[in-house]
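*Asks:* As they're listed, the protein sequences go chains A and B.
So for the first sequence, this note's numbering puts the first residue at 952; every next one is plus one.
So for the second sequence, this note's numbering puts the first residue at 2; every next one is plus one.
Worth flagging that the hints you see were computed from the coordinates, not collected in a lab.
Nothing here was measured: the structure is a model prediction, and the numbers come from that model.
Honestly, I wouldn't trust all of these hints.
[As the list claims (entries may be wrong)] Derived Cβ-Cβ restraints for the label pairs, each shown as a range:
| # | chain 1 | residue 1 | chain 2 | residue 2 | range |
| --- | --- | --- | --- | --- | --- |
| 1 | A | 1039 | B | 64 | 58 to 64 Å |
| 2 | B | 52 | A | 953 | 39 to 45 Å |
| 3 | B | 25 | A | 1129 | 49 to 55 Å |
| 4 | A | 966 | B | 61 | 22 to 28 Å |
| 5 | B | 60 | A | 1115 | 39 to 45 Å |
| 6 | A | 953 | B | 59 | 26 to 32 Å |
| 7 | B | 38 | A | 1077 | 37 to 43 Å |
| 8 | B | 57 | A | 1020 | 30 to 36 Å |
| 9 | B | 64 | A | 1081 | 49 to 55 Å |
Beta carbons: idealized from backbone N, C-alpha and C, even for Gly.
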Amino acid sequence: MSRENKLAMRLKRGEVAALSEIMDVYTPYLFAIVSNIFGGVLSDEDAEEVVADTFTALWYNRVNIQDSALKPYIAAIARNKAKSRLRTLHIAEPIPDDIPIIDCELPEEQYIVNELCEIARSAVAALPQPDKEIFQRHYFLYQRTEEIANEMGIKSATVRTKLARGRTKLKSYLSKRGYSYENIFD
Amino acid sequence: MKIYLTDICSNICPDDVMLEKADNNRTARIKATVFENIGEPMPSTQKRPMRIVLRTALIAAIIAVLLGVTAYAVTSFSMNRNEINTDDGAVGFWREVD
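Here chain B stands alone, though its shape is the one from the complex:
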C-alpha cells in the first residue's frame, strides 16, 4: 500500500483556519441522519435557551428579594424610634436658662 504525503499530514490541522460554507438545510439533513444513526431523538433547539432564561429569571428574583429584605432590616435596625404618644396629652414649654 502506498502512503502519500497527505497521509502523513493528518496531524497538521491549522488552529485558526475555519472554512465557512454555511448551509442550514445541509446541517439539518446531516443532523437528522446522525441522530437516526445513533438512535437518539434530536434535541430541541429551543429547549436549552428557554431553560437558561427561566433559570436566570429565578436567580434574579431571588437576589431581588434578598436585597429587599436586607435593606428593610438595615433601615429598621438603624432607625431611632422616639415616637411621641400624643394620646397622653403631654404639654411643655421652653424656659430659658442663663
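In isolation and in its complexed conformation, chain A is listed as follows:
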C-alpha cells in the first residue's frame, strides 16, 4: 500500500496527525498550482489563504476521499477554490488559450459540466506521451508554455504544437458526443 493510500485511510479515521503529514507533503504542490492560477494577479498571501481553505475543506470532507485518489482530490479542490476566488473578483482566467466551451444558464448545468469533464478525461487519456503530460501541465496545473518547455527540456514551439494537437483531439471527442464548437477551437 502506498504512502498516499495510508495517509488517506488515516485521515478518514479522523487522525489529525495524518492531516499534518498531508500538509507537509502537498503544501508546495498546491501552492504552486494556486500561484499558477493566480498568475501574479493575486499575492502569495492570497494563495496561502486558498491552500489553507483547501486543507480545511479536505478535513471536513474526509469521508468522501477515495484511498487511491488523494492527490487529484485535493488538487481539484485547490483549483476550484482558486478559480472561484478569481471569478469573485471578476479577474479573467490567466491562460490565454482557456477557451469558453459553452455558455449555459440551464438548471442541468452541473450535469453538463460533469459530462464534459468525463469526455475531456477520455480524450486526454488517449493522447500519446509527451502530449498527454503537456496537456495536463497546461490545463490542469496551469503551467505556462515556457515553464513546461523548461521543465521537460523541449522547445516552446513544440509545446504549443502539442497543445493544439490535444485540443483537436478533445474537439473530436466532443463532436462525437454531440458538442460541436467549430469556431471556438479553431
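With chain A fixed as given, assemble chain B onto it according to the hints.
*Replies:* Below, chain B alone, put in the same frame as chain A:
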C-alpha cells in the same frame, strides 16, 4: 455562465508530476491557519517518531529475551550430564582384555 476549457479539465491530474517550491515557513503558517480553522491542536512532529522508537526498542528487547531463553533451554536439554561425584573417592584402573 461560461464554462471554460480548464473547467472541464478538472479530472486530468497528472499522476507523476510534482511541482516543488518547498518553503517550510509557508507550510508552518498554513498549518497554523488550518488547525485554527478546524479547532484542533497542532500535533507535535516529535511525538510520533519518539513513539515509534520506543515501540521498536521494546519489541527488540522482548525478542532478545525470548531468543536467550530459548537458547538456554535448548542447550540445557541437549547437554549430557554425566557428572562424577569426586566426594565418593571413586578410583579405578584400566585393565587390558584380549
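*Asks:* All the hints need checking, so say for each whether the structure fits it.
*Replies:* Right, here's what the structure says about each hint:
no.: 1; hint: 1039/A x 64/B: 58 to 64 Å; result: holds (60 Å)
no.: 2; hint: 52/B x 953/A: 39 to 45 Å; result: violated (23 Å)
no.: 3; hint: 25/B x 1129/A: 49 to 55 Å; result: holds (50 Å)
no.: 4; hint: 966/A x 61/B: 22 to 28 Å; result: holds (26 Å)
no.: 5; hint: 60/B x 1115/A: 39 to 45 Å; result: violated (59 Å)
no.: 6; hint: 953/A x 59/B: 26 to 32 Å; result: holds (28 Å)
no.: 7; hint: 38/B x 1077/A: 37 to 43 Å; result: holds (40 Å)
no.: 8; hint: 57/B x 1020/A: 30 to 36 Å; result: holds (32 Å)
no.: 9; hint: 64/B x 1081/A: 49 to 55 Å; result: holds (50 Å)
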